[in-house]
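Chains A and B, in that order, are what the protein sequence lines are.
Note that this note's numbering has the first sequence beginning at 152, numbered continuously upward.
Note that this note's numbering has the second sequence beginning at 152, numbered continuously upward.
Hints listed in this document are in silico derivations from the structure and should not be mistaken for laboratory results.
Each residue gets a CB set at the ideal place from its N, CA and C atoms; glycine is no exception.
Errors might be hidden in some of the hints.
Calculated pairs, EDC-like style, for lysine to aspartate or glutamate (alpha carbon to alpha carbon, straight line, at most 20 angstroms) [unchecked claim]:
(1) Lys443(B) to Asp281(A)
(2) Lys325(B) to Glu430(A)
(3) Lys300(B) to Asp281(A)
(4) Lys445(B) to Glu429(B)
(5) Lys172(B) to Glu187(B)
Computed far set for chain A versus chain B, every beta-carbon distance over 10 angstroms [as the list claims (entries may be wrong)]:
(6) Tyr208
(7) Asn236
(8) Leu368
(9) Ala398
(10) Ala450
This is what each chain is made of:
Protein chains: 2
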Amino acid sequence: MEYMIGVDLGGTFIKAGPVSKSGNLLYEISIPSQAEISPESVVSQIGKAVATIREKYPHDRLIGVGIGSPGLVDLDGGTVKYPPNFKNWTVFRLGEETARVTGVGVEVENDANAAAVGEMKFGSARGMRDFIMVTLGTGVGGGVVIGGKVFRGQSGGAGEIGHMTVNFDGPQCKCGNRGCVEAYVGQRYLSQRVSDQLIFHHDSLINKLIDSGVEQLEPKIISQAADRGDAFALQVWKEAGMYVGVAIASTFNLFDISTAVIGGGVAKAGKPLFDSIEETVRSRVLSPLRPKTKIIPAALENSGILGAAALIAE
Amino acid sequence: MEYMIGVDLGGTFIKAGPVSKSGNLLYEISIPSQAEISPESVVSQIGKAVATIREKYPHDRLIGVGIGSPGLVDLDGGTVKYPPNFKNWTVFRLGEETARVTGVGVEVENDANAAAVGEMKFGSARGMRDFIMVTLGTGVGGGVVIGGKVFRGQSGGAGEIGHMTVNFDGPQCKCGNRGCVEAYVGQRYLSQRVSDQLIFHHDSLINKLIDSGVEQLEPKIISQAADRGDAFALQVWKEAGMYVGVAIASTFNLFDISTAVIGGGVAKAGKPLFDSIEETVRSRVLSPLRPKTKIIPAALENSGILGAAALIAE
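So here's chain A without its partners, still in its complex pose:
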């Protein structure tokens, strides 16, 4: 067997696993990323993860290691700049250093872009040449695929859909701007806003589901309430979908693209969220794009690892 290793590099954990050429994740390991120490520690941890996986497959050929990383990834395919929440990390040749430690070829891509490549190779964007990918998680990630290639821009920073302004006078975002879509639907912002509003919704099921306090207020709680028909919870997803839809409509207008693939933990909200995104995009995008508009859920469960592995499959 020939296989790739996909590495999903996060601020707390490295998730990694062997992936077959057809996109099957064979198993998954998770080890601390040691991002709080230094980039060298992170490389050493990635090296350990790769070695652990290779030991299990002594007779198979590892084609390469793909890494999905936070931060700006340079066009040279390996330099990662200023990943948020990584200590002592300014500009570091992550690809080169990982190749040295592991002895195999390494490809690095921004995690949101890697997720887009993963969906294109193995997921719900198979066969698509032009689409945007939006990842709804702690942050709101974005990737733009044009003609089957990630659109990276001059320095690899393109596709930042999460930091499009949907209201110039909106809430403060940690990027410095106001009213970014991330400042509305990034997981913590969303949970905070819902918890602030809960006092006006005494009868909402959400109150019962978080018996031990609002710090429990994760999107899945809101979804549990919405699944049972809770009006406030449904309204939360409707609004969230509107914010996301506004950003997608502007992105469609700019790129002349009409398909969006939506993934990430918050996207598990499912139908109430997706219906609202679709309705918003259709009513706001320029008329030539309206009939072509498609909003599709991401298909990959482990898009972080599979997207990273897909960088090698390219």
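Once you have looked at the hints, place chain B on chain A.
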């Protein structure tokens, strides 16, 4: 001499003129576009304009005719779809028909994109490979240049910066969306908003400058007042610059571009507008782009004709 003819096709008038290869507009004519009749009438009028110009230069070689057109222009370089305010015009092969009538090669491009090409060839974006062009007029036009080429998207409709949402709950735009940047700073929207607000600003100089009624309230009146230090007029340009800046910052984030060239009649407001655009973009764009941000006024006086002629120079 070898020369091009640039044709600026508008809903009321066709402006056209001979342009030297170095970008000098030798003279300019203006004839009715007959857009209220049919696409065939428009072609016939373009033919007349071209013939009139050629008669003046019997010993010189016409290289080709460039047309900047409203509406969606197809990648085949000649089909114009649904130009707003043109009667009986759905999908029409403007390039092919004009070539037949004039007997020379014809290039057609969307007018906002043509303006971007004009600035790149002859104007303030000379030598630039990556920039966006924003045209502030009746509408807000947009063009994105990547690697020295207009980014057109799948069907030629890309770059619609004017219809980016800057406030999801903002004023109704004629495109069907709410809160587009055009719905704030498109000339008529802007004039209307200022005239609505004038009753709260009795002491504004604008009141004196429009002695015969608010229908006179063109952007140049606001500028005249601003030039004399009128606080309300200055505030109008500051706000307009904020709206434009918000859209530009989102566009920069998406394309990983850091230069914007701003043209069009409303851009004649000058410093108070440009200062506000620049301040807004710098405070809102993602931090890696902040130090590189450049907001530049367009240089071409007749960008409609020169941009169209530049399509031939390409």
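- Query: Which numbered hints are broken by the structure, listed smallest first?
  - Reply: 1, 5, 9
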